[in-house]
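Let's have the full structure, built from the sequences with the hints guiding it.
Here the protein sequences line up with chains A and B, keeping their order.
Quick note: the first sequence uses the working numbering, first residue 79, plus one each step.
Quick note: the second sequence uses the working numbering, first residue 143, plus one each step.
One thing to keep in mind: the hints can contain errors.
As the list claims (entries may be wrong) - Lysine-lysine pairs mimicking DSSO-like chemistry, simulated, CA-CA at most 27 Å apart:
| hint | chain 1 | residue 1 | chain 2 | residue 2 |
| --- | --- | --- | --- | --- |
| 1 | A | K156 | B | K481 |
| 2 | B | K188 | B | K251 |
| 3 | B | K338 | A | K156 |
Since the hints were derived computationally from the structure, they do not count as laboratory data.
None of these values were measured; they are calculated from a predicted model.
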Amino acid sequence: MSDIALSVSQPNEKPVRSAARTFRTIQTVCIFIVALVIISPLFLLVVASLKDDRFQILADMGSFRAFWVSDPTLNNFKEVGHFSGELAFGRYLFNSLLILVTTVGAGVIVNSMAGFVLAWGTVKGRAAILSIVIALYVIPQESIIMPLVIMVSRAGMTDTFAVQIVPWIASPLYIFLFYQFFAQLPKELLEAAQIDGASIFRIYRSIFMPLSLPAVATVSILTGIETWNQYLWPILVTQTDYARPIAVAIATFFGQDSIYWDRAMAASALMMIPILGLYLAFQRWFVSSFVGSAVKG
Amino acid sequence: MGNRLLSSLILTAAMSATAQAADTKVIHVMHQGDPAGVAAIGAVAKAFEAENPGVDVETIYAPHDAYNEKFSAAVMANQLPDVMELDAPFLANYVWSGYLQPIKPLIDKDVLDDMTNSNIVQGTYPVDKDLYAIGLTDSTVVLYGNRKYLEEIGARIPTSVDDAWTREEFEGYLEKLSKLDGVKWPIDTFRGYGIKTEWITYAYGPILQSSGCDLIDRTTWKSAGTLDADACVEALTMMQTWVKNGWVVPQSAGTNQFYAENNPAALALGGHWFYAEAAAAMKDDIVVMPLPKFGAKGASPNGTWIWAVTKTSEHPDVAGKFVSFMLKDKEYRTFIASKSGYPGLKSFAAESPLYAAGGAMAIAYEQASKTAIARPPYPAYPTITSAFMQAVDEAFNGGDPKAALTAAAEKIDEDIEDNDGYPPFGDQQ
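Spelled out as C-alpha cells, the structure:
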C-alpha cells in the first residue's frame, strides 16, 4: 500500500516543489526590484554628489548616466565645508545633531512617562485623557504652526535651540504608542513590584522601560526623522544662523536664479549619514516593534 | 574692602555694558539668495558696520521658496526686520497692509536720481505715487536662440525690439525646428522652475498682454471679463498647443536643455540671468532676441527683488543709510554684474557693458523702455499670481484653457470682494 502511495506521490511532488521554487524566485525578483526602487534615489544622490559639474548633474538626469560617475571628485564636499553664511557647515551639522539628540532623548522620557501613567497610573479620568491625546493626534501640524510662532515669540524663545526642541518633545502619537506597548505588558509585573515596595517611578524606570526597547527604538527613529527633516519651523522661528539646522543651510543652494545641484547633493549626502546611523543603531528593535504590532494586530 | 572693590568693579562693568548697548543701533536685514548672494550681503553688512561705528547689522536669511512664509511669521510675531528684500509685484500688498514706509526721505539723493524709470515704477505704490522700495537691478525676459539651428532653418534674426518676430513667424520657426535634426525640443519656456515660483506669471503674463488682454482690468480691478476674455483664452490655448505638440521642454527635464550637451533645445524664453550660464557654455552660438509680438504690440516683464524699509523700524534713518550704502557698494555691484544683473540704476548700467549699445544683452535693455509692463500693482496680487499659475498648470496638463482661466478670474474677484475692493483702490473707480 505504502509502495503504491509512494509511487503515486512521487510524480506529484515534483511539480509542487518546482512551483514552490518558481514562486520563491518570483518573490526574490520582486523583493530585489522593490529594494532597487527604494535604494536608487539614495544611490543617485551619492553619485551626483561626486560629480564636479552642476550642469552635468542636470544633463544626466532622466538617463542611466545619472547613476554613473566617470570622474569622481570630493570637491563638492570640500566646497560645502567652506560654504558661505556666518557659520561653517560643520556648525549647522552640530546644531542639527544637538537638536536631534535633545529632542529624541527628552521625547522618549516625557512620552514614555505619560504613556505609562495612562496605562497603569491611578489618575482619575485616564480614559478621558487618553481620548484627548488621540484626538490631538489628528490635528495637522500645519494648522497650529502660526499660533505656535506667536506663542514662542511672545515667550522670547525665537532664535534659540530651545524653540526647536521644546514644542516637539511631547507628541500625542508617541504617548499613545508607549501607552499601547505598556498596556500589553502583564499586570503581574506591576503587582509583584508593588508588593516588593517599589515606587511607581521605580517600576517605570527599572521594570517597564527595560522591557520596552522596541517602543523606545520606534519612537526614537520616528522622532529622529521628524526632527532631522524639520525645515519650515526653523525658518519661521530662527533669525540668524546661530541655531539653524542643516536642512535650512541646504536650502541656500536653491537660489532664485540658479540651483547648485552639486553642492546640494553633497550636503544632502552628508545630512543623510546621522539619520542612517540612528536607524542602524535601533534597527533590530524597530523592526521587532513593527512585527510585534502587526502580530498583536 | 575686598567686597566693596568687587561690587564697584561689577557695577562699573555693568554700567559700561549698558551704555554700550544703548549706544549701539541694531538693524535687521531680511533677504534671500544663493550662497554667493548671502556672502555678498554679509560682506556689505560688515563694511557698513566698519564705516558706521555703533551700528550693528544683523542679517536674516530666508530661503527663496519659503520667503513669504518667513515674512508672514515675522508679521504675526511682530518681528518685522528694519530692511527687507521683497519681490516687486508684492509691494502693493505690503504697502496696503501697512508694513512699509516711504523710502524717499531715507535714501541718498544721488541714488534716487540714479534710478531708471522702470526701477521707479517697480518701487512705487500707485495710490499715493510714493516710492517704497529701491533696487540696484531690474529684470526682463528675452528669447535666446541657437545661432546654428536658426541659420539652418533660415530664420530671420531680429536686431531690435521693433523688429521682433510676429506670432506667425515664431510658430512657423517652432514647427521647422521641431523637424530639424538634433533638436529635441524647439523651445524651453523653463517649466523646470516649477509652479510655485513667480516665473509663470512673470514670464507668461506678457504673452497674454501682447495678445491683447491682461491678468486683471487695471481700471476696474476686476478679473472676470479680462483674464477669461477670448484673447487670453486664445493665448493660453496657443501655449497649450506648443506643449501638446511636444515643442516645449518638459518640467522634468530641468532648466539647462538650451545649452546642455548637444543643445537639445533650440530656443529659450528665459530671464536675463540665464545669459551668464548659457553664454559660458555656448560662446558665440547664442543669439539674444526680443520677445515675439503675439498681437498688435510687444510686451515684456519687469520687476525684481528690491529693498524696502519697514514701518516698524526703530532706526529708519540707519536702515535707509544701509540701503544706500549697499546700492553704491563697489563689491556688491561687481557681484551682481557677474550674474549678468539687469541694471536698475543708470550708473550701474554704465558699468555694465553687457547691456550697453553693442553689448550682447543690449536688446534686453531696449525692451525695458519700449515694451515692459509691470505686473498688476494691486494688493490682490498674491491671489492673482497664484490663481494664474494654477490655470496655466491645468492647461499645460491638458485642461480646458477657458475653464481654467474662468476659475482663476472667479478666484481673484472673490478675493477682491472679500477685501471690499481693497480700498482706496475700489474708491478710485
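Hints, one by one, checked against the model:
1. K156/A with K481/B: OK: K156/A and K481/B at ~23 Å, within 27 Å.
2. K188/B with K251/B: With Cα atoms ~23 Å apart, K188/B and K251/B stay inside 27 Å; holds.
3. K338/B with K156/A: 31 Å, violated
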